[in-house]
Structures are given as structure tokens and as C-alpha cells.
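K.L.:
Sequence:
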Amino acid sequence: MHPSDVLRYANRTLLYAVRDLTEDEWRAPGVCGVWSAREIIAHLASFELALVEAFAVARGGPIGPTLAEKLRDGQAFNDKQVMARLGLSVAETLAEYEAAHRRTLELAAALPPNLFINTGFLPAYGLEYDLEDFIVYSYYGHKREHAAQIMVFRDGIGK
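As numbered in UniProt numbering, residues 1 to 159 make up the sequence shown, in order.
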């Protein structure tokens with residue numbers, strides 16, 4: 001597997017889903033539960049920041065606060081992270097997400113290949129999983145799912 005490619009493909013799918021949404025469409029509730037497309041991107045920005053910390057763990061560092069919170073209580077993490085970004089504009093939300101994603105790509109490219117297949121690198125995630133699994137399940141699949149929800153929303157508004 002090529003983790004950097006997996007990260008890029010998921011990002012590409014997500015950005016395709018939000019292309020050309022108007023400000024009102026970005027903010028319309030109900031795209032995923034009560035969340036708007038903007039709130040989905042805010043949510044995914046927090047996941048990107050947690051992945052930055054996961055790369056540090058893969059290198060032998062401690063679990064950072066964002067990743068620890070995500071692992072401790074995913075639903076509370078989601079709610080808190082989205083609420084923390086409510087005051088951001090669509091452009092600011094997207095810029096935060098894109099900056100964090102660029103950082104994950106930089107870190108992925110710099111990580112030695114053997115660290116992607118170090119089973120049990122993050123015990124709280126599961127001893128049977130490695131960093132590649134974490135990226136595929138928590139990032140690729142996650143972004144594809146949210147991109148699909150946005151595409152369904154787009155269909156509903158005739159875009």
C-alpha cells in the first residue's frame with residue numbers, strides 16, 4: 001500500500017464533493033445528521049490534526065492531546081471539535097482542513113516505510129492494527145463516507 005496516495009485520493013474525493021457549493025449550501029444543516037458540509041469539513045480538520053499526532057506516535061512519541069481525546073471518546077471529541085470551529089467562515093474552515101492535510105502528507109512522506117506496518121503502534125486503537133490500517137479505516141473510509149453524504153446532499157439540491 002502507498003499511504004500517501006491513499007491520503008491524497010481521499011482528500012481529492014472530499015474536495016470534489018464540496019466543489020462549487022455556495023455559502024448557503026455550505027451552511028445548510030442536515031448533510032450528516034444535523035451537520036452542514038462546513039461542519040463536516042471542520043470535523044475532518046480535527047481528524048487531520050489527530051493524524052499528525054498519530055505520525056508522532058508511530059515514531060515513538062507520546063500520544064498528543066487531540067489524538068488522546070479522539071481515542072478516549074469519539075463522539076464527545078466530534079462534538080467539541082465542531083463546536084470549537086463554529087465561528088469560522090467557510091473559507092477559514094476549509095483552509096484549516098487543507099493546511100492540516102498538507103501537514104499529514106508531509107509527515108507521511110517523511111515516515112520510514114517500516115513504521116506504517118508496525119502492528120500495535122497505537123494500543124488504544126487496537127493491538128492488531130498498524131498505521132496503514134489506521135489511515136485506511138479512520139481517514140480514507142471516513143472521508144469517502146462524508147464525501148458520499150455531501151454528494152447525496154448535492155443531488156437533493158440539484159447540483
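Hints in this document: simulated from the structure, not taken from any laboratory.
Hints are supplied without guarantee of correctness; some may be wrong.
Derived SDA-like pairs (lysine to any residue); straight-line CA-CA distance at most 20 Å [said to hold, decoys possible]: (1) K80 <-> G33; (2) K80 <-> A100; (3) K80 <-> V90; (4) K159 <-> T22; (5) K80 <-> G30; (6) K159 <-> C32; (7) K159 <-> L14; (8) K159 <-> G30; (9) K80 <-> V34; (10) K159 <-> H2; (11) K80 <-> R27; (12) K159 <-> E69; (13) K159 <-> V90; (14) K159 <-> G60.
K.L.:
Look at each hint and say if it fits the structure.
P.N.:
Quick rundown of the hints versus the structure:
1. K80 <-> G33: Measuring from Cα to Cα gives roughly 16 Å; hence the hint holds.
2. K80 <-> A100: Status holds; Cα separation ~18 Å.
3. K80 <-> V90: 18 Å, holds
4. K159 <-> T22: Given that 20 Å is the threshold and the Cα spacing comes to 11 Å, the pair holds.
5. K80 <-> G30: This hinted pair holds, its Cα atoms lying about 18 Å apart.
6. K159 <-> C32: Roughly 17 Å separates the two Cα atoms, so the pair holds.
7. K159 <-> L14: 16 Å, holds
8. K159 <-> G30: 16 Å, holds
9. K80 <-> V34: This hinted pair holds, its Cα atoms lying about 14 Å apart.
10. K159 <-> H2: Outside the cut-off at roughly 33 Å; violated.
11. K80 <-> R27: Answer holds: K80 to R27 is near 18 Å, not above 20 Å.
12. K159 <-> E69: Not satisfied, since the Cα-Cα distance of roughly 36 Å exceeds 20 Å.
13. K159 <-> V90: 19 Å, holds
14. K159 <-> G60: With a Cα-Cα distance of about 46 Å, the restraint between K159 and G60 is violated, given a limit of 20 Å.
This entry does not satisfy hints 10, 12 and 14, going by the numbered hints stated previously.
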